[in-house]
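Sequences and hints are given; from them, build the entire structure.
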Amino acid sequence: MISTLTYLLGLIAPWWLAIIAAALVAFFMPGNNFNAFLSGFMGVGLVWMVMAWKVDVETNSIMSNKMVQIFPVDDVSMLIIITAIIGGMAGALGAFTGNSFRQIFVKKKEKSFYS
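Numbers in my numbering are just positions in the sequence shown, counted from 1, shifted up by 5.
Hints are supplied without guarantee of correctness; some may be wrong.
What the hints assert, rightly or not - Heads up, simulated SDA-like pairs for lysine to any residue below, C-alpha to C-alpha not over 25 angstroms straight-line: (1) K114 to M34; (2) K71 to V81; (3) K59 to G15; (4) K114 to I25; (5) K112 to N37; (6) K114 to A57; (7) K59 to I25; (8) K112 to T102.
What the hints assert, rightly or not - Derived CB-CB ranges, DEER-like: (9) E63 to L13: 43 to 53 angstroms; (10) M68 to I25: 46 to 56 angstroms; (11) T64 to W21: 48 to 58 angstroms; (12) L16 to M72: 37 to 47 angstroms; (13) N65 to G36: 33 to 43 angstroms; (14) I17 to L43: 25 to 35 angstroms; (15) K116 to T9: 16 to 26 angstroms; (16) N37 to E63: 17 to 27 angstroms.
These aren't lab readings, by the way, just hints derived from the structure by calculation. All values reported here derive from a predicted model rather than from experimental measurement. Virtual Cβ for every residue (Gly too), placed ideally from N, Cα, C.
Written out as structure tokens, the structure reads:
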């Protein structure tokens, strides 16, 4: 769900709405913080990796080769992986924030003597 929202919002909106999309999905889907972090990382990171690869293929690596010359990376594929990691971290932190915000409003069960 995070990846679908990230892709659709990425077509018409700025990049940072992927963070808000991950936060909203993690807010409305119950789970623990680790699962939210991992799903945000995978959801946004995979979409960013596919979109970076798509731009690379559509431009015949012209733009990617210029970026490799600017940044200290060896290959275009490494640049795509770094893009996926940066997007994944943004989505992971957004999902973690959304899940943590939801936990503020969840009433914790009191521990019983017998449980």
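Note to self: Looking only at beta-carbon atoms, does the pair E63, L13 fall within the given range of 43 to 53 angstroms?
What the structure shows: For E63 and L13 the Cβ distance comes to about 19 angstroms; the hint is violated.
Checklist line | Satisfaction of hint between I25 and K59, Cα-Cα up to 25 angstroms | finding: holds, 23 angstroms
Note to self: A range of 33 to 43 angstroms was offered for this pair. Does it hold for the Cβ distance of N65 and G36?
What the structure shows: With a Cβ separation near 42 angstroms, N65 and G36 satisfy 33 to 43 angstroms, so the hint holds.
Margin query: Given the hint of 46 to 56 angstroms, is the C-beta distance from M68 to I25 inside that range or not?
Written below: Roughly 27 angstroms apart at Cβ, these two residues miss the hinted range, so it is violated.
Checklist line | Pairwise hint evaluation, N37 against K112, where the allowed Cα distance is 25 angstroms at most | finding: Distance ~15 angstroms between K112 and N37 Cα, so the pair holds.
Check: Holds or violated: are the alpha carbons of K114 and I25 at most 25 angstroms from each other?
Finding: Distance ~29 angstroms between K114 and I25 Cα, so the pair is violated.
Item checked: Range hint 37 to 47 angstroms (beta carbons of L16 and M72) holds or violated -> violated, 22 angstroms
Next item on the list: Could you grab the alpha-carbon distance between K59 and G15 and see if it respects the 25 angstroms cut-off?
Entry: holds, 13 angstroms
Note to self: Check the hint pairing K114 with A57 against an upper bound of 25 angstroms on the C-alpha distance.
What the structure shows: violated, 45 angstroms
Notebook entry, point to check: Is the hinted pair K114 and M34 satisfied, with a Cα-Cα distance of at most 25 angstroms?
Noted result: holds, 19 angstroms
Notebook entry, point to check: Does the alpha-carbon distance linking K112 and T102 stay inside the 25 angstroms limit?
Noted result: holds, 18 angstroms
Note to self: Given the hint of 48 to 58 angstroms, is the C-beta distance from T64 to W21 inside that range or not?
What the structure shows: Given about 24 angstroms between the Cβ atoms, the range is violated.
Violation of the numbered hints given earlier is confined to hints 4, 6, 9, 10, 11, 12, 15 and 16; the remaining hints are satisfied by the structure.
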